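Participant: Since the structure of chain A is already known, use the hints to place chain B on it.
Letter by letter, the chains look like this.
There are 2 protein chains.
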Amino acid sequence: MKALMIIADGLGGRPTDYKGKTCLEAANTPNIDELTRQGDTGLLDPIKPGVRPESDTAHLSLFGYDPEEVYTGRGVFEALGMGMDVEEGDVCFRTNFATVDENLIIRDRRASRIQEGQKELEEALGGLKTSQSGVEVLFRASTEHRGALVLRGSGLSDRITDPDPHKTGVKVPKAKPETAEKSAKKTAKIVNELVKKSHEILRDLPLNKKREKEGKLPANILLPRGASMRPSLPSIKELYGIEGVAIAAGALYIGVARAAGLKFKRAEGVTGGFDSPIINKAKLAVKELNEGADFAFVHMKGADSCAHDHDAEGKIAFIEKVDEVIGYFLNNLNWDETHVVFTGDHTTPIVCGDHVSDPVPIVFAGPNVVPDDVGEFNERSVQKGGVGRISGQAVLPLLFGYCDFSKKFGT
Amino acid sequence: MKALMIIADGLGGRPTDYKGKTCLEAANTPNIDELTRQGDTGLLDPIKPGVRPESDTAHLSLFGYDPEEVYTGRGVFEALGMGMDVEEGDVCFRTNFATVDENLIIRDRRASRIQEGQKELEEALGGLKTSQSGVEVLFRASTEHRGALVLRGSGLSDRITDPDPHKTGVKVPKAKPETAEKSAKKTAKIVNELVKKSHEILRDLPLNKKREKEGKLPANILLPRGASMRPSLPSIKELYGIEGVAIAAGALYIGVARAAGLKFKRAEGVTGGFDSPIINKAKLAVKELNEGADFAFVHMKGADSCAHDHDAEGKIAFIEKVDEVIGYFLNNLNWDETHVVFTGDHTTPIVCGDHVSDPVPIVFAGPNVVPDDVGEFNERSVQKGGVGRISGQAVLPLLFGYCDFSKKFGT
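In order, the protein sequence lines correspond to chains A and B.
Under our numbering, think of the first position of the first sequence as 5, with each following residue one higher.
Under our numbering, think of the first position of the second sequence as 5, with each following residue one higher.
Next comes chain A alone, as it looks inside the complex (with noise of 0.2 angstroms):
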């Protein structure tokens, strides 16, 4: 048996969305509609009910883990994520190139969403070290003004406040320890100190000499955030003893993914964006469990996006071309010994612009899937499902028990 997993992240929405419809009901989705009448459907609260989940909250608790035991802040997923290797007491940061004056007071906290130079920032601060001995300091970019630090060495702690005040017109802030313990004293300094060096490093840089020749902002500071430790998760493979591929294009999904063990397969051309050629996904899934693997986990952001624009359109073309996707899937997929879950990671109304608690629709299907009488697909039809109303941590473990991957509890 083979096990797919379809998120189009931000799929959920509200009746206010689009003329009195949520984007799902208001898009045009045959394929998807096809697999509703193939299968099992009903309402997913990512986390539980109630619970506004963070994309990397949610794709824990998808993944089977309970955020509230494991999670431990987003750097490490982000780092991660961008194809870097977190040891065992590493502490990771998301990081931002942003702008600040002559007296580090921030002007965008961004650089004005930076669009080049992200290699020649990369490696300026390739050389970023700490005074403290023994502490390993790595740094990637990643796309405009996103990045990722690890610092490695011992005695080390993620319990340090943010140098970022996530607002501008304000200094930047000094990183605290939260608590008395020596490590996380430690840690501040360190981060303290490598802020203050960034900024010695990149306000001199040829590429921002440029950019304020032109009139833009320079990305003259990097600004750490969100430090976290690798959670301790049994991995997808040591639970089930099968091997998965994660097919994504954000850093941040690629990276819970690899969290869980998932190997992280790069589809053609994919972004992340609107644009982006996501039927290439699709492919490679289908590719990747014809060769071998036994799960493929395939992630889709464009609907979350637009909806967080407020964009009631953009956000259902996109559902729409997520429905050419399942279309593709229902086309290609050896229905014999394939099974398929599609949902969204949360609900993205088009007034919020931002996740909230709601529920969202979620099919199971595939040859042991006993299937209901829902023949659409969105938050209205699929109340009357036959999977009923589950929280997050059962969709991987009923995906699996209809594969027969799960071991007996019990003897």
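Possibly wrong hints are sitting among the right ones.
One copy or any two copies: either way a pair holds, since identical chains are not told apart in the list.
[Unchecked claim] Calculated lysine-lysine pairs in the DSSO-like style (CA-CA distance at most 27 angstroms, straight line):
no. : residue 1 : residue 2
1   : 241       : 411
2   : 52        : 411
3   : 25        : 388
4   : 269       : 291
5   : 52        : 388
6   : 412       : 178
7   : 52        : 412
8   : 52        : 241
9   : 123       : 189
10  : 186       : 388
11  : 214       : 241
12  : 180       : 411
13  : 133       : 201
14  : 171       : 411
15  : 25        : 412
These are computed hints drawn from the structure, not numbers from a lab.
Note that the structure is a prediction, hence the values are computed from the model and not measured.
Facilitator: Below, chain B without anything else, positioned relative to chain A:
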């Protein structure tokens, strides 16, 4: 009020079971359907969604306990189920009579499912003693090759490996301590001594000499496995203040029920097999409820055994026998004051021939139950039921809730 829990072992199925139907869908069940019309239905995850139950963990859950918290292994339930008393600190084992050659190489782990001589074997092993002072050895033979061994004394442990290799063609292994504790070392030593002595006693038993002459495999060694101590369970009487009886044939089910504080009652002629006169269990349950019991648990095994043997027609036929049992209850219970739940302890599909995690249909009926519109009892129809989707630990509290057995939580 009276409460009745009726469990058809392995009741649930998959659409691949029989001509596109589950066995429950294929069976002719007018009485179960009548109970369904009067009742409220739903889907039961016997432990929780996606967890594959064994019979012991499933029944612990159905009796309201969390197997993840209380489960200690199967041995104790087998011993209790064979009528042995198990005290705190006792270490219990399931045992097989097996066949070994003169070098203790295992030829058959079940002595070709020896049909005769259980009493002689039990008596022969009645003299089993350990050289460790203060430790008592108790043994009971059950059906065929099955039995249970209990060690009683201070300083014993259940953290030892099995002296049963679970395969043939290899030498009987030594039990080994799983921890560095003195108690584990002591228990392993005792078990190894008893296995050796059992062979010395059994190899020359007249029964075995006779079997060898007839070309049959001798039952010439005792192989214990699944060391476990009695879990600490508050009894149903302690929790609810009611008296309950258990009506079953298999030792395991009797054992879990006894661990929950129910009194075992033997129905006439029942065997746990396909041909067992299970109607006698229904008659005994009605009698016990009439004569003072507040709660009766009735267990019927046949459907599960057929499914393990990939026998769809057998499973369908046994479900039709269960339907007669339900018919007896419809006609003979005092329905003004009795609440009933009917379900399975797990799903056993025909193709798999083993337990899977898929949910099982469940129905509650009785004067305080609000009925739903569902009129047939199977994996598909109950998806629309009023009970929704529940987990095993909720079953007994829901049943007892209708009976007003429960204490209020709060002051």
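Participant: Compare the structure with each hint and give your call.
Facilitator: So, going through the hints one by one against the coordinates:
Taking CA atoms no more than 27 angstroms apart as the test, residue 241 paired with residue 411 passes inside one copy only; the shortest distance there is 12 angstroms, against 33 angstroms between copies. When the C-alpha separation of residue 52 and residue 411 is checked against a cutoff of 27 angstroms, the pair qualifies both within a copy, at 25 angstroms, and between copies, at 14 angstroms. Proximity of residue 25 to residue 388 under the C-alpha cut-off of 27 angstroms is found in both arrangements, the shortest distances being 18 angstroms within a copy and 21 angstroms between copies. Proximity of residue 269 and residue 291 under a CA criterion of 27 angstroms is satisfied intra-copy only: 11 angstroms inside one chain copy versus 58 angstroms between copies.
For the homomeric pair residue 52 and residue 388, the shortest alpha-carbon distances inside one copy (19 angstroms) and between copies (21 angstroms) are both at most 27 angstroms. When the C-alpha separation of residue 412 and residue 178 is checked against a cutoff of 27 angstroms, the pair qualifies only between copies, where the shortest distance is 26 angstroms, while the shortest distance within a copy is 51 angstroms. Taking CA atoms no more than 27 angstroms apart as the test, residue 52 paired with residue 412 passes in both settings, with 25 angstroms inside one copy and 12 angstroms between copies. Taking identical chains as interchangeable, the C-alpha atoms of residue 52 and residue 241 lie at most 27 angstroms apart whether they share a chain (25 angstroms) or sit on different chains (21 angstroms).
Taking the closest pair of Cα atoms, residue 123 and residue 189 never come within 27 angstroms of each other, the shortest separation being 32 angstroms inside a single copy and 61 angstroms across copies. Proximity of residue 186 and residue 388 under a CA criterion of 27 angstroms is satisfied in neither setting, with 56 angstroms inside one chain copy and 58 angstroms between copies. Proximity of residue 214 to residue 241 under the C-alpha cut-off of 27 angstroms is found in neither arrangement, the shortest distances being 49 angstroms within a copy and 51 angstroms between copies. In the homo-oligomer, the alpha carbons of residue 180 and residue 411 lie at most 27 angstroms apart only across protomers (24 angstroms), although the nearest pairing inside one protomer, at 46 angstroms, exceeds that limit.
In this assembly of identical chains, the alpha carbons of residue 133 and residue 201 lie at most 27 angstroms apart only when taken from the same copy (9 angstroms versus 69 angstroms across copies). In the homo-oligomer, the alpha carbons of residue 171 and residue 411 lie at most 27 angstroms apart only across protomers (20 angstroms), although the nearest pairing inside one protomer, at 49 angstroms, exceeds that limit. Only between protomers do residue 25 and residue 412 lie at most 27 angstroms apart by alpha-carbon distance; the minimum there is 25 angstroms, versus 43 angstroms within a single protomer.
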